[in-house]
Structure formats: structure tokens, C-alpha cells
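Chains as they are written, first to last, in this note's numbering: chain A, 1 to 345; chain B, 1 to 850.
To be clear, the hints were calculated from the coordinates, so they are not data collected in a lab. Don't take every hint at face value.
To be verified - The list that follows gives simulated cross-link-like pairs (lysine to any residue, SDA-like), each with its CA atoms no further than 20 Å apart:
#, chain 1, residue 1, chain 2, residue 2
1, B, Lys-271, B, Asn-462
2, A, Lys-197, B, Asp-391
3, B, Lys-208, B, His-152
4, B, Lys-819, A, Ala-318
5, B, Lys-687, B, Ser-569
6, A, Lys-221, B, Glu-726
7, A, Lys-197, B, Glu-408
8, A, Lys-221, B, Ala-433
9, A, Lys-221, B, Phe-345
10, A, Lys-221, B, Arg-342
11, B, Lys-647, A, Lys-99
12, B, Lys-208, B, Gly-54
13, B, Lys-819, A, Asp-326
14, B, Lys-713, B, Ala-98
15, B, Lys-647, A, Ala-318
16, B, Lys-713, B, Arg-130
17, B, Lys-647, A, Ala-330
18, A, Lys-197, B, Arg-385
19, A, Lys-99, A, Ala-186
20, B, Lys-713, B, Glu-725
21, B, Lys-647, A, Arg-328
22, A, Lys-221, B, Arg-343
23, B, Lys-647, A, Asp-326
24, A, Lys-197, A, Ala-186
25, A, Lys-99, A, Pro-160
26, A, Lys-197, B, Ala-409
27, B, Lys-647, A, Lys-221
28, A, Lys-197, B, Glu-725
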Amino acid sequence: MGVERHREGPAEPVSGVPRGSRNVISRGLLTVVAATALLFALSEVVASSSLAHGTLLTMLPFAGALAIAGLGQTFVVMQGGIDLSIAGGLSLYVVIVTKYPAGVNGRLLPAIGIAIAAAVVAGLINGFLVGRMRLNPIVATLGTNALLFGAVLWYSAGIPTTTTARLSRIGSGVWFGVPIPVYIAALTTAVATVVVKLTPAGRRFEGVGANATSAFTAGVKVRRYAGGAYVWAQLLYCLAAIVHASIVNQPTAYEGNNYLLPSVAAVVLGGTSLLGGRGYLVATAIAALFLSQLDQFVLALGVSYASRSLVEAGALAAGVAIYTIDWRAAARRAFPRRTTTLAPT
Amino acid sequence: MIVLGDRMVDASAISIPVEDSDATRQPTLSMVDITKRFDGVAALTDVSLDVLGGEVHALLGENGAGKSTLMNIASGALAPDLGTIVFGGDEIGELTPAVARGLGIAMVHQHPAILPDMTVAENIRVAVGREHLERRDADLTKAMRAVLDDVHFFGHLEDRVSSLSVARRHLLELAKAFAVSPRLLILDEPTAPLSQDSVVLLFDVVRKFAAAGTAVVYITHRLGEVREIADRVTVLRDGTLRGTESVRDVSDADLLALIVGRRLDASFPPKHVASIEDPALLQVDALSGPGFNDISLTLRSGEIVGIGGVVGNGQPAFLRALAGRRSSTGSVRLDGKAFSRRRLFEGAAYMPADRLTDGLMLDLNVRENAAITALGRLTTGPFIRRRREIDVVQRELSELAVRAPSLEAPVSSLSGGNQQKVVMARSMLAQPALLVADEPTQGVDVGARAEIYRILREIADNGVPVVVGSSDTKELEGLCDRVIVMSRGQAVATLDGEEVTEEKIVHAAISATAHAAEAARRERGASRLSRFIEGDYAPVIVLGIVMLALGAYILSRNHRYLSNFNITSVEFACAALGFISLGQTFVLLLGGIDLSVGPLAGFLVVLASFFVLDGKSPAIWALGFALMFVAAAAVGLLNGALVRFAKFTPVAATLVTYIGLGGLAFTLRSAPDGYIAASVTNAIETKIGPIPVAFIAFVVIAFALELGLRRSKLGLRLRAAGSSEESARRVGIPINRVVLIGYLGASLLTLLGAVVLLAQLGVGDPGQGSSYTLTSITAVVLGGTSLLGGRGTFVGTLMGAGLSVQVLNATVFLGLDQKWQYIFQGLLIVAGAIIYSEVRRSASRGAVES
């Protein structure tokens, strides 16, 4: 943006409605960046082992996979939905890219092709149920999730397969000190953001999420966008699954379960409303980093898995409350300056 | 001739004898120096108003003048920032909808406060106190029938309100207000959607109430109605009081001066001068579709064609079809070329009547709302050129004289007229081949109306065919070159040129309304069978048949299926899932969702595993159960509080407790431990024959809850809050309390499930429980409860839980492995959801058409 030198139309400024300044940085992004910075600062002071080089190299690839999965979830949430089938979908793609090659590097690419095809099918089923049959997203994706797990067990019988060496090399690879999955996540976030914010299709997509009826009366083919969100989501889960399989040596048949709640948490922390509308993709990706580092931080403090969940719940509650509670009104109520009830005559 | 809004001022309408307003009469309602701000913008400033008993007090003013805000304060829907309310001589401290109801204040809202998922009878019961109905007739059904007959509402009491037409919903709203014999009756633009005969009826009833001493406030745009019915009139402008006058003593010119601050003449642009050379731009031939039939019209270049008639006779359906926004048969030709629905959808611009829900994306800004139709031609390569977007939008907005803080301002911050112009800008930016506008000036103030008329005329002059639907006959007369009057979905008259007059339009519409009334009466005969199929209990029957068929099939393959052992274990498993699902039903009926039920059940079992152990005294056991109760109640209240007071979405709120409870369970026990006392598990597993007592308790509780849901006040309120929160609030239901009770109920029923689980697991295992969240949702959905809230049954959940467990059990008996469990579960939920939603959609289809 902003690189154009020439412009069309009248040179004189058009009177009437002023342009106004655009908020380039959303409140969600600002909050989540601040929180993440704070967390890293706190990690440095209180639990510096969580910032050790080795620890970071372990944490970052997972953060990358979660960020990519979170982007997919964001697309669905932007349409006012929620995608429970991320668990079954991601599990299925992990199983496909590990079991199909069965250790043979040459079969990795075909396996990825099959996984992508499966993702498109899963996405189309969800998209059909939600966009066309107008089922509630929770119900539709709950059903699809069960079917996808059926497919996982049908294909793998629940037996884990070791990741191929070629895929592992990607997962454990480091360029300029940064794990390759981080580059993949950053690139994916950038592409997704550009598509949503700068192309007509992306803008219509946001419009459909904000008010589908209104978009329909404006002549937007609503179903295509509302249903399409699920296809793009599954494709992103598929990418996340590939990244995940590349960093876990012997993934189980249920890896996707570990992404269901964190992906929703990342979306919510990033400031995208569960009611749909505008999506904050970069904020989602950074929230994924935040959640992953939070895990490491609590781990480094030496407390159990359990308190990690408690901290996560607290972070999530605080993250949502920032957006939902009208803090100014709450402050006014706590420190009233003038009577808000009826004054005597 | 003076025109305000859409009615000519007709002096002959002044007909009611008015008793002299007595200065000594005690005002029923006294509002003193009321001030109200929204986000720092003053909506009302120091407004005072006295309404006397027995008078009809008209409240006049342009849109945004503060009329509805003032009356929402009077009815308790809004709290004023400053000012005093005195009712019947007593100062009222805090006026809530419930308090207002108690005082005898009834308000008929512009948008009816009805609960779409509930029946007509339930809508009345929830809004009208029992004592009011009993005063009418000891038999409540007869009383409700009488109340409806008063307003000539001839639908069936058991009809679901979502299947009623707009006009009938308004009649229901009026009936509810009249039924409480209010001391203060507030009517907010009640005549807009009503047919002529209903308006006459309404005025009769209002006069009767006034004669009986009721104070009536009548909000309107229409000066003619003021003359016809009101004794005194108060005018507001920009949130300030302009004056209160006796209707007889004030001239129209004076009133207009008070309202707009200047005199206003008829504000229509000159019409098109027809000539033979004008090519026919738009030709519609025998267009038919749901709600309208066989409509043809021709529009020549430069013309505006109007679609008129009494509201609710298929005009919106026809307009939508004309714009390709819904399917139809027949042909539409633009400039001689046939346009399919698809081409119309892409080529025609459509301005919906309800701009807030159908027209605008309120969370997005002005630029994004306006540009959405033009994005395709604002690009360079694949990307939108921002500069060009701003230029194009800005030019269009200034052509339409839109007043907005900036392009980046949220569209929700604009006034009604400017919002409508944004919708118009959006339509024009589409560069349409046809413009279809439904009620383009509804809720738009006088000044902005004139501008909208001018713009529509300019669009027509530029060679774009313009079709305008309007219930405002004055608007049709002033704006349109040709008007088609619709009745019952048919074109009953086509008026051309000189014939386009208010009288002719009204005449054509009214002479056809007899048919409409007849149709309304015929609707009464909706069959029992169709009501049942569309009703809440059909899923129960369907599931029962499926379960029997499945059971018979399994039995034919494996005779041990009905062994005592299997019956016991299936029913016990069913009780655990069943209780939790009943809890989930509570929340889904409210339109919420409780993700935390599963982890809560698991956590409660872990909690019990510290107390309910062999070797500890029964007192300790009791303490354990008491702690489980306290924990469950606390979680329920926390969920409810997060949703209601912290404004979390239900998913976010219960996701927090989901994660938190899982963490707590693992904090208490990192691995399974703590074996539950055998005597306790034995007690929980008590059987009568092969049937576990826990299962019997589950069935009994399910039926008891069902009865409560249908019969009790709380049950009605629960469904009301789920059906439409806004309407429920306005009929005086304390939403916060109801929602808290709902989440509390969910947690306490989960507690019962946890007790069964306690015996089933026999040990405190922190890893158990979470899976019940999704299975409980599955069971409830199978039972036919809608996730949108307001519709569902506990008995359905009973059957849903039963089928879920039966299917799992079936895979074992049929020798199928785990993948089939998943596949069956997935297929069941998808098939169930599709069937239920299709049935509901076909049921409400009839209503949407009108």
C-alpha cells in the first residue's frame, strides 16, 4: 500500500466526508504484542531457562504449527463459526504424511498431495453443511470431526508411524538461527493477511462474516465465502499437520486434539470476535507464540502440567475481558463522578 | 397542501369529541428534566412531559428527535442519566421493565417484542400476568382467545410465532398490551405495518382505553393521525422539548414549524415526461415465486415504477425476486435481453427495507460498507487500490450528500438517513443495470427523504430502471410514474401517469384487503399433523423409531443383546451421559453452550476421590458430596457471570472454565488414585431387576424438567430468553437471573452425572470426563434442541442420549471396531441436524414470504 504515485479522478479534494485516519494497528494486535513482550521479559527475569537457546529451538517450531492452525481457525471464526473438526482433520493429515511414505523419502510428496486432497474434501463437507445446509457450525464440525477420526482409525488403525527423514530435516532445520517452521508460519501469515486485507475476495470475505445478509443483498455470493472458509481452514490445518509431523518423531493418531483448544484460544486472544466479522490474522499468529512461550515459561518455573492449564485459563479470561468489558464504564461505576440514577428534584 | 411523513393532513378526520383537559387532573406520568446520553452524545436534554389519565398524548418529531428514547425511559427499558419520573403521584427510584409492568405501564414497540420460537399462547402468558387473564375468563385458553379476538387476530393459539406474518405479529403485540388494562399505554408508531381496517380497529380500542381513564402516549410521524386521535401533542426536536399543545388549538403549520424548525413543502422532484420514443428498459413477464404470483410490468427509460399495497401482501418477496435475491419463474428482460436469476443477482442493486439487519455491516466502517459492491473494479492486478477506492467512495458519498465523521467511522455511528444513503451509495457503486429499493425512506427524517427522492429520480433520468416498493402511498404518488398495487401476492391494479394518486392506490389496496382478512381467517385451519411435525416433539418419535429398529436389528444378529448384564450396563452409561446432556440442554435452550460440563464432571469425580473412600466416616463422605455440590454451583455461577456480566461469548466463557477445570483436576491428582468406597458405588449402582435406579432417576428427572419447561414460569422464561433476548427483556424477564439459573442448572445436572460417573470409574482419574462435552452436545442435538436457543425438549435429550449410547453398544455387539463408533456418531449428528433444520425451515418458510 501507499506506493502508488499517480492517482485517477479529480485532482481537487472531494468535499463532504473526510477520509479519516485508518487504524493500521488493531487493538488486538497491540494487546497481544504487548502481552507477548511482557511474557518474554518476565521469562528473562524469572525463568531464564525458558529462553535458553535449546528451549527456544524446541518451542518455536510448535508455535509455528499452532500459528498456522490458528490462522485456519481464524478464517472460520471470522464467518461466525467455530471449527471443532480441526482435531480430526489435523490428526488425519499427520497420519497421512507419516504413514503413506512409511519412511520412504520419495513418497513424501505424493503423501502431501493426498493430504491436501483430503483437506479439500473435509473442508468441502464442512462448507456444504454450514454454507449450503445452513447447519450450526458447532454441530456440523462436530459431526465432521467424528467422521475424520473414523478415517484416521480406518487408515492407521491407531498405530503411529515414524516421520520420514526428509520431513524431519525440514522440522529440525535452522536458517540464520531460526527454525524453518517459523519461516513457514511467518510466510503463511503474511500471505493470508495480504489476501484478506488487500484483495476484493478477502474484503468480501470479511463483509460476509460481519453480516451475511447484508453482503447477500449487496450481491455477494455469500455461500461461496461462508463455506469456503472451511476449505481454507482445512488447507491450513493440513500445512500445520505437515509442520507438526516434521517436528514430532513418531506422531500418534490423535495429534489434532492438542490443537483444538489452543487454536481457539489463539484466535480469541488475537482479538477476533467469536461472533464473526473482522479477523486479526497477525494477532492470531503472535497469540500462538504467546501461548507456546507461556507453556515453556510455566514449565521452566517447575510447576506441573496442571498449573499450566490454570495459567492458560487465566490468560484467556484476561485476554477476552480486555475486549468484552467496557472498562471505562466499569471505572465510572466504581468511581462515580455524578449520580447515574435519578437525581432528586 | 401540507405533507408530513406520508399522510396528507385531512381536516375532516378531526372527529373525536374531546373533553376539556382539566388543569387540576393529576398526571398519570410525569417526567421531569430527563437527560440521556449515548456515548457522550445527548439523545435527550432536560425534557419534561406530563401525560394525563384519559388523554391520548401524541409525541411528534423527526427521526432521531428522541421520541422512542423518551418512551423507552418511561417503560423502563432505558435508565435516564438525570431527571425524575413520577408515576401516579409517586416518585419512582429505579424504573426497570419489571417495575414498569407492575405499575401498569405497557408499551407497544415499533419492532414487536415477540418470542419467535414460542407459540402465540406462550407469548401471551409470558408477557401478560395471570391475574389479567383470569379477570377476563377463569379458563386461561378462553381468556387468551378473547384477548386475541379483541384485535381481530384469528390465528391459532398454538401457532408458532415465527410462522406469523409481520402484520399479525403486530396485532399480537397490541393484544398483549391491551390485555393488561394498562394505566399508561405507549404506542410507538403502531399503524405502520397494519392494514386499513386494523388501523380503524386500533383507534377504536385506543379511544375506549382513554375513555376508561388510561393515559395513552402515541408516537407517530403522521400528522393526520394526530388530528384523528390525540388530545394533546408534544413535539421533540434534537432531543429537546419544543412544546406541548392542545391539538385543537394548534395549526398544522405551527406543528410543522415546531418539528422541523421551518416550513416544508411537498418535496418530490418533477416526474418523468413520458414520450413514445422512450424504449422499454425493463420488462417483467408473469414473475411468480413463493409469496407472489404472476406479476408483469413494463418500465420505460426515465420512469420510476412503484410497488404498493397493504403491508404483508408479497411486495418484499416480489422485489427480492426482481433483484435476483430469491428464486422465481417467469421472465425479466432488461434492455431487451433476458436476465436469469444469476444475472439479476449480479446486475441488479437491491436496497432492503431493514437496513440495520439486511443492509449494513454495522461493525465495519463507512468506506468498507459502501465499497463492497465496487471492489472488482478498484483493483490493479489482484489488489485493491486504496487511493482509487477512497476517491470513488468519497465522490459517491458527496454526490448523495452523506454526512459522516469520516470514511473510517463505523457505519453504526451515522444517523438513520445517512445510513440509508450509505446503502444507496453501495447500490450506486455497483453500477447497476436495475435498482430495486424496498421502503427507501422508512425511518428517514423529512429532510433526508427529499434528498433520497431527488437521487432516485436522477438515477432514473440516467437511464437506470428504478423500482420502488413502499407502504407509504403519498410517497408512491409523489415519486412514481407508474404504480402496481399488490394484494395477496397478486397485482390487483396498475396505475399509470395521472392515475397515480393516493386515493386510487389506497382504493385499489383496500378493496382487496377483504381477501387478505379472509385468508387470515383461513390460516386458522393449519392441521394438527403439520403442527406436530413442526413442533418440538417430532424428534422424540423419530428417535424412538430409530432406536427400536436398531435394537431389533442388533437382536437379530446377536441374541445376547437383551441380556440383563447388557441392559444394566447400557442404561447405567446412559444415565451418566444423560444427566450431563440434560444440563447441556438447559444452556442450549438459552442459546448458549457449555463446553465445561465434561471437565466439570471429571473434576467432581476427582474431588470426591479425596473424601468418599473406604475407611473414612460417612460424615466425611457427606462432606465430599457437599463440596461437589458447592464446586458445581460455583462453576455454574462463574460461567453465567462471565457470559452475562463480563460479556464473554458462551464459547469463550466456558472454554476458560474448561481449561481451568482440567488444570484443577490434574492439580489435585496427577494420576488416577483414590478408590471410591465400595458401599457408595454399590449404592449408586442399585438396581431394580436389571434396571439401575440411576437410570430410573434420570428418566424421571428428564420428564420432570420437561414438565417444568412447558408449565412453569421459569421454563417459559428460559425459553423466552433463548428465543429472543431483546424481546424477553422488554416483556420484563430478568435476563441476567434466568441465564445464571440456566448455567447453574447445567452444572448441577452435571453433578448428578458425576455421581453416576463416580461409581462407573470407581477412582479419581483426572484424565476422564472431558469427552462428555462433545458427546453431550451430540445427544442434545440429536434430541432436536436447536443451538440457536428457544427450541428444544428435555425428553428429546433423553432419547438423544439413549441413541448415542445404543450406537456405541451396537458396534460391540455387531463386532465392529472403534472407527465405526466414530463414523456412526458423525453420520448420526449430521443426519439429525440436517433433518431437523430442513423441517424447521420449511415450517417458517410461509412466514418469511410476506
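Exercise. Taking each numbered hint in turn, which are not upheld by the structure, reported in ascending numerical order?
Worked result: Violated: hints 4, 6, 11, 13, 19, 27 and 28.
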